[in-house]
Amino acid sequence: MPTVTLEKKDFYRLLGRKLSRSELEEWLPRIKCEVKNMEGEEFTVEVNADRPDMLSAEGIARALKGFLGIQTGYRPYSAKPSGVSVKVSDSVKKIRPYIACAVVRGLRMTDSTIAQLMRLQDKLDENLCRRRRKASIGVYDLDKVKPPITYTALEPQKIKFTPLEGAQPLTAREILSQTPQGLEYAHLLEGLTRFPLLVDSEGQVLSMPPIVNSEETKVTPSTRNLFIDTTSTSPQVAEKAVNILAASLWERGGRIERVQVNYPRRRIRTPRLEAAKLRLSLAYVNEVSGLNLSLREACRLAERMRLGAKATGKGEMEVLIPPYRCDVLHPIDIVEDIIIGYGYHRVGPQLPPTSTLGRELPRSVAARKLRDLMVGFGFQEVASYLLTSRENQLTKMGLEEGELVELANPMTAEFSQLRLWLLPSLMEFLSHNTHVDYPQRVFELGTTVKPDPQTDNSVKEEWKLAAAVCNYKVSYEEIQALAFEFLRLVKVENWEIRRLNHPSFIPGRAAGLRLDGKEDFAVLGEIHPQVLENFSLPNPVVALEINLSQLFPEGKI
Amino acid sequence: MPSMEETVYEVLKALRREEGKASVEALVKATGLSHSSVMRAVLTLVEKGWAQTFERKQQVFTLTPEGSLYAENRLPERRLAETVVSLGGRALLEEAMEKAGVPSSAVSIASGWLVRKGWGHISRKDEEIELHVPVPPPEGEDERFLRQLKLEGELRSERLDPRQLKAAAELKRRKLVEERTSVLREIQLTEEGIRQLSLEPKPAAEETTLLTGELITSGRWREVKFREYDIAASPPKVYPGRKHFYMEFLEEVKRILLSMGFEEAEGPCVETEFWNFDVLFQPQDHPAREIHDSYQLKKPSRGSLGNEKLVRRIKKVHENGWVTGSTGWRYKWNPEVAKRLILRTQTTAVSVRFLAQHTKPPVKMFCLSQVFRPDVLDARHAMEFHQCDGIVMDRGLTFRHLLGFLEEIGKALGLGKLSFKPGYFPFTEPSVEAFVYHPKLGWVEAAGAGLFRPEVAKPLGAKYPVLAWGIGIGRLAMAKLGIDDIRELHSRRLEFLRERTL
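First to last, the protein sequences are chains A and B.
The numbering used here puts the first residue of the first sequence at 1, with every later residue one more than the last.
The numbering used here puts the first residue of the second sequence at 1001, with every later residue one more than the last.
Among these hints, one or two may not hold up.
[As the list claims (entries may be wrong)] Capping the alpha-carbon separation at 30 Å, the derived lysine-lysine pairs in BS3-like fashion look like this:
| hint | chain 1 | residue 1 | chain 2 | residue 2 |
| --- | --- | --- | --- | --- |
| 1 | B | Lys1150 | B | Lys1175 |
| 2 | A | Lys473 | B | Lys1125 |
| 3 | A | Lys65 | A | Lys310 |
| 4 | A | Lys65 | A | Lys123 |
| 5 | B | Lys1057 | B | Lys1150 |
| 6 | B | Lys1243 | A | Lys134 |
| 7 | A | Lys36 | A | Lys80 |
| 8 | A | Lys369 | B | Lys1480 |
| 9 | A | Lys36 | A | Lys18 |
| 10 | A | Lys277 | B | Lys1175 |
| 11 | A | Lys314 | B | Lys1458 |
| 12 | B | Lys1254 | B | Lys1125 |
| 13 | A | Lys369 | A | Lys518 |
| 14 | A | Lys36 | B | Lys1360 |
| 15 | A | Lys123 | A | Lys218 |
| 16 | A | Lys134 | A | Lys160 |
| 17 | A | Lys9 | A | Lys65 |
| 18 | A | Lys460 | B | Lys1309 |
| 19 | B | Lys1150 | A | Lys460 |
| 20 | A | Lys473 | B | Lys1237 |
| 21 | A | Lys36 | B | Lys1480 |
| 22 | B | Lys1316 | A | Lys134 |
| 23 | A | Lys277 | B | Lys1315 |
| 24 | B | Lys1463 | B | Lys1243 |
| 25 | A | Lys160 | A | Lys93 |
| 26 | A | Lys460 | B | Lys1254 |
| 27 | B | Lys1480 | B | Lys1315 |
| 28 | A | Lys36 | B | Lys1440 |
[To be verified] Chain B regions said to be covered by chain A (calculated; three or more residues, Cβ under 8 Å):
| hint | segment |
| --- | --- |
| 29 | 1318-1327 |
| 30 | 1393-1401 |
If you are wondering where the hints come from, they were derived from the structure by calculation, not from laboratory data.
The beta carbon of each residue, even a glycine, is placed where N, CA and C say it ideally should be.
Extracted from the complex, chain A is given alone in its bound form:
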């Protein structure tokens, strides 16, 4: 979950009141935040991923003001035209076709507020904008820009400007290969012949989205007026990001102004700060929540969450959703807000009358019986991971070929494939215990996975049992006796045994078991010394693996 660092003094000023640490720790979790760290003059808050509008001191203060009753309900925003316009060139259509902008005037910036603004921009880039893939935000000193502005895309060789914190002009390619932002985000421009660019009427570059802004238009403590833009592949995200930034600056006393965005075939004005309206019936609120609220109460709770709300009669309410909210897709989202406003701690759990009978999967019943059986035979159960390696499954077992289900993005080679059979997992287990008291008798009951083009998920997941005995001296007879008695007890009859040539076992000491001439459902035998050596095992092993899915397709024994 995203975190945001706040300055105590600044936060309390925005809130209009001081809170103790324990008050913060009590209140913030009730509105989807959590205090993670509090040291000196700062504290870090974790914010739920659905509330990007709360990724700033302003946003959290705004929400908390409502919750504490300092200021509730929805306060409409006003925005006059700024006279600034942005022309969108056709060339961006296939790259990042949408742009939303805003002008904010009359700010008094300090190093601290600039730092917070940059942090909010970063957090939005990271979350709402999906690491700048979906959208990216630029904030500039308006007085260093000569509108009108053009949003265009140019061949990289035609782009040259001084990137933020840079000392001299660099070409687009140099920016991608030499600056930290370039290195981090270059992959977003991969394969493009033209790079997006914002330039003003005098050819001064504002930014090369989604990589970096120019040094010349940088925000400094003397900045009073801001120009904000978001370029995106989604018109909604572009506008939401600008709304969140503008609404945050509004909390700091900024005056928001609209920018005219001229697309080739249409014109819009952003930001659009009108609240969205949504009608909601009280019955629905009570049906979902299980609370017994009156219309008046429901409206009051919605206002506590900074929504606009009024009763419209006939048991309905009209809710105004602030323009910075990104998480309201359905009336259900308002119901949650109302319950949050009520307080989760006050809701009061209630056990429903729903009466049902518990039912276990036949396979779970069978698994328990089989595990009991194996324990009775004196075996210790082992639990290995499904994730393993080709080396473990094939190479070390003396097998050259075999098709494994393979990960595209493994973190380590050790866990890069799904296991095809269980025995290698047992061998691996034994190899970690060469100095432990013998005899060692181990078994595992678990899932194996193999490719299968016939199924919906292109694999076949099977249920198997493997057992192994490692001792100073072992006998084929020992594992054979186990297999035969096991099969008798699970009522598998009329199987045939045949000699098996299997590289994991000593030639002449391996057997396959099958029914009606079908594929073997079990293999058993004495493990080949080469395999023992591969696993660094100093003592011999006899082992058995049974495909239970093959024997009991329904899971029932």
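Using the hints provided, position chain B relative to the given structure of chain A.
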């Protein structure tokens, strides 16, 4: 408790059995009385002048771990020698070692002693070493000593003859036997003590060790006296077959949920993104779908979507909300992305698969199984772990009922009091996180839950509210079982599994 007089007499008798002289420890063993009772009795005997005490130092021999291994499985040179004999009196060293089950680390020890003991000799043949042992060698004094030591646990120098002492010294040099000095307090009968004893009739019977079938059926057992065993000597270790402790814990959780009326379900570990994400209303550009947060498959890499009606609904619900009253995510939904195969990241995928098949209320289902997330395995992170998900669908269920269920499950699992906070999951609304208080860790998240969003429930055909919850069962197990390292849940250490108590 026996009277003082009886105690004294028991000790006196024991002293006689030990031929008039015994240590306190021997008397404790022989009488079965406590150490303090024996000491009191001895004091009485000394006071009466029936016995006197001596203190004497002596050596005590015990087996080292390696020694006890060899005592069990015989000395490596013995295994090697007999293997060579069985191979016809001569064999290549390497082959014999392998057959004898002697690890290569012990090669010089085994062959060295074999030669030194004069059991055979070594020759060189074409770069290879050949061993010759013509006949099975007789049991050596050292082997007998090991055997006896294993049987008795410890041996005292006093009871050993010079040959045995020599064998002990040799075994000590081989680090198979340990020697320590022990002070022995001995009690000896005096003339008067012997006289007192002679007033008692002496039992005269044959001592026997083994009760045989022959003794029983012939009835001769009536005539023999059974030799008393050292009933307190440490026995050899025995390891029972056992279930894995973590699997046992999972079974217990299942049992609790079954008793609450939940029906068990399962689903595939290799899952299409469709069931793992799309059906759960996670937009196709959701961060959880990126390579940092889910394992994608290389081979095979694509599955198929099947159920066309559901696919159409999911497409619409993502794009414009379909008939659910939602705005949807407003982007172009791509079926190709939905076909990508991943390792299931949440067991909620099983819940929605189940819900698609069971639309008639009431539904109460749970799934306890593995999920996978890209992570490097260490003490706190695992790439594969267990999750437990459940759903309840019925007429008239509410958020309050959800909290009721969570509290009930928490109670059944012994979690203590839960505290509820707003949470966020893309597929539930309202969403809640339940925390429990852990004395060491503070507030710990125990479960995430919510009502399935209309965008999730409706396309599946669910007409009534669906309560959904998920528990990170691995973390819960760690807290309950007192485990700090998540890897221990799948421990590869046999000793760890054997030593865990119930």
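Hints, verified against the model:
no., hint, result
1, B:Lys1150 with B:Lys1175, "holds, 15 Å"
2, A:Lys473 with B:Lys1125, "holds, 29 Å"
3, A:Lys65 with A:Lys310, "holds, 20 Å"
4, A:Lys65 with A:Lys123, "holds, 22 Å"
5, B:Lys1057 with B:Lys1150, "holds, 23 Å"
6, B:Lys1243 with A:Lys134, "violated, 50 Å"
7, A:Lys36 with A:Lys80, "violated, 40 Å"
8, A:Lys369 with B:Lys1480, "holds, 25 Å"
9, A:Lys36 with A:Lys18, "holds, 19 Å"
10, A:Lys277 with B:Lys1175, "violated, 87 Å"
11, A:Lys314 with B:Lys1458, "holds, 27 Å"
12, B:Lys1254 with B:Lys1125, "violated, 65 Å"
13, A:Lys369 with A:Lys518, "holds, 26 Å"
14, A:Lys36 with B:Lys1360, "violated, 44 Å"
15, A:Lys123 with A:Lys218, "holds, 19 Å"
16, A:Lys134 with A:Lys160, "holds, 24 Å"
17, A:Lys9 with A:Lys65, "holds, 16 Å"
18, A:Lys460 with B:Lys1309, "holds, 25 Å"
19, B:Lys1150 with A:Lys460, "violated, 52 Å"
20, A:Lys473 with B:Lys1237, "holds, 19 Å"
21, A:Lys36 with B:Lys1480, "holds, 25 Å"
22, B:Lys1316 with A:Lys134, "holds, 21 Å"
23, A:Lys277 with B:Lys1315, "holds, 26 Å"
24, B:Lys1463 with B:Lys1243, "violated, 42 Å"
25, A:Lys160 with A:Lys93, "holds, 22 Å"
26, A:Lys460 with B:Lys1254, "holds, 25 Å"
27, B:Lys1480 with B:Lys1315, "violated, 43 Å"
28, A:Lys36 with B:Lys1440, "holds, 17 Å"
29, 1318-1327, "holds (count 5)"
30, 1393-1401, "holds (count 7)"
Hints 6, 7, 10, 12, 14, 19, 24 and 27, counting from the list given before, are not met by this structure.
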